[in-house]
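In case you want the letters, here they are:
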Amino acid sequence: MRLKIPTNFRIIRLPCTGKIDIIHILRAFEKGADGLYVVGCMEGDCHFNEGNFRARKRVEQAARVLDLIGVGGERVKMYNLSSGEGPLFAQYSIEMVNKIKELGPSPIRLARQRMSKKADAA
Amino acid sequence: MIIAEKKPIEEIIQEVKDFDRILILGCNECVTVCEAGGKKEVEVLASVLRMYFMAQGQEKTIGERTLERQCDHEYLEEIRNIIDDYDAVVSLACGVGVQFAAEKYLTTPLLPGVNTICLGANEDRGLWTERCQACGSCVLARTGGICPVSRCAKRVLNGPCGGSTNGKCEISKDTDCAWQLIIDRLKALDKMDDYEKVAPVKDWSTDRAGGPRTVTREDVKI
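So the protein sequences, as listed, match chains A and B.
Counting from 1, one number per residue, gives the positions in the first sequence under this note's numbering.
Counting from 1, one number per residue, gives the positions in the second sequence under this note's numbering.
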């Protein structure tokens, strides 16, 4: 298909989105990620029946926590598509990257930068 | 097992905001099973606190440790060599663990990270319900294995009260009438004769009415 997708996100493969846990999402933000999205199979099409539903719940949990601590729950999102929908995958990646650009850098990344500058100066 | 639920993160933040070095201490027993205070919850809480304080521009050290149990000396001893590295400990164990740790480490503030709810069972995924109130003198043999002390709002011991309607308790339509459950079970066991027997006055001195309780076993003492 040779579709163009943004280059500023990293794909982390999972055996099933049901493998994702809230801690994986939180760690990504703690390490300085500006946003994160989970792409699962279509709802109802999970090979393990409810993997993508579990993932959605965990994404929602993470969003609530991120809202609470001032990082912003809108920085995480769950998408569903089938493996044959390459163009939609590309579209979602562009949509998410644009949204994150709109939101700007994550407060955690900015804090980390400030801290490392302080450490360099000291 | 002991059922607990996580305290709201805002409450924990308020508790720890004045400390710079905080240890999040999990417990591998009941609170792990009810997903309130095990290793995973320790990781999540530590990550959340780190990010919160980082975003506030505060540098705090937040450590993570999960013990096999917090209600036994030998496991709590495992943190003796690191306890002085922290200004406060948030224990995700039940109230027993928090207190036992506080008794052991007198100069370190011990803060609870969960609310201890009851002695209960994992009825369904994500649903924990009370089954026992540790009254100290079990009546289950007479009540078809269903506890009127923990499951009846009034703790009545001789059949349902007037608030029982269609098998539900008057306190909520979601709460089963314990005595309806007992009667159904006694019928299934063909032991309705037991229902007719008037229960003797229960000895509540073994309950909380008698003050904090202890069990002493000379046979297992060393």
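Just so you know, the hints here were simulated from the structure itself, not pulled from any lab data.
Where is the CB? At the ideal position from N, CA and C, for every residue including glycine.
You may find that some hints are simply not true.
In the BS3-like style, the derived pairs of lysine-lysine whose C-alpha atoms are separated by at most 27 Å in a straight line are [what the hints assert, rightly or not]:
#, chain 1, residue 1, chain 2, residue 2
1, B, Lys-197, A, Lys-31
2, B, Lys-40, A, Lys-118
3, B, Lys-40, A, Lys-31
4, A, Lys-57, B, Lys-40
Only part of the chain B face toward chain A is listed, based on derived beta-carbon distances under 8 Å [what the hints assert, rightly or not]:
#, residue
5, Ile-9
6, Gly-38
7, Gly-57
8, Lys-60
9, Glu-123
Can you give the numbers of the hints that this structure goes against, from lowest to highest?
-> Per hint list: 1, 2, 6, 8, 9 violated.
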